[in-house]
Amino acid sequence: MEEDDSGDAERPLSTVFAVLDDPDCREILRVTTEPRTPNEIADLCDLPETTLYRKLNQLTTASLVRKQVTVDSETGQMTEYVRSFEGVAVTMDDNGEFSIKIDERERPPEDRLSDLWSKMGDEI
-16 MEEDDSGDAE
-6 RPLSTVFAVL
4 DDPDCREILR
14 VTTEPRTPNE
24 IADLCDLPET
34 TLYRKLNQLT
44 TASLVRKQVT
54 VDSETGQMTE
64 YVRSFEGVAV
74 TMDDNGEFSI
84 KIDERERPPE
94 DRLSDLWSKM
104 GDEI
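Using our numbering, the letters of the sequence shown correspond one by one to residues -16 to 107.
Hints are not guaranteed to be accurate.
[Stated by the list, open to error] 20 Å max Cα-Cα, derived SDA-like pairs, lysine to any residue:
#1 K84 with S46
#2 K84 with S(-3)
#3 K84 with T43
#4 K50 with R19
#5 K50 with T34
#6 K84 with P(-5)
#7 K50 with L12
#8 K50 with D86
#9 K50 with M61
#10 K50 with G70
#11 K50 with L30
#12 K84 with A72
#13 K84 with F0
#14 K50 with P21
#15 K50 with R37
#16 K50 with E63
#17 K50 with T62
#18 K50 with D26
#19 K50 with A25
#20 K50 with D7
#21 K50 with T33
#22 K84 with V65
#23 K50 with E17
#24 K50 with P31
#25 K50 with E10
#26 K50 with T(-2)
#27 K84 with V73
#28 K50 with N22
#29 K84 with T(-2)
#30 K84 with R9
#31 K84 with G70
#32 K50 with P18
#33 K50 with V14
#34 K84 with R66
#35 K84 with T44
#36 K50 with L3
[Said to hold, decoys possible] FRET-style restraints, in silico, Cβ to Cβ:
#37 P21 with S82: 30 to 36 Å
#38 D5 with A72: 18 to 24 Å
#39 S(-3) with E32: 23 to 29 Å
#40 T34 with S56: 27 to 33 Å
In case anyone wonders, no lab produced these hints; they're calculated from the structure. Values in this document were obtained by computation on a predicted structure and should not be read as measured data. C-beta: ideal position from N, C-alpha, C; glycine also.
With the sequences and hints as input, model every part of the structure.
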């Protein structure tokens, strides 16, 4: 099996298929069309916190959800998660090999800047 992805992250077919096969992961993807905090996601999906963080980790590893850290003047640092794709296509070539293409969502400049600041903060 080979993979064809347009982003920088590695997305093995088995990883993407596993999270898309999981009902809890699909529900998280459904509610993260806009940035949401873990508490908001847990409430909307009716998931316990430990399950939620495990599923968010799986979705982040598959590059289907993006973690964003923002700073709010009232509450301080806030972590949010947002779905990072518009669509997923699986194809099979003439040799029977599967490939996957994930159509990335357009990211506004402020999100890219936020990611840059988050990475810098992690390195300090």
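(request) Report the numbers of all earlier hints that the structure fails to satisfy, in ascending order. (result) none
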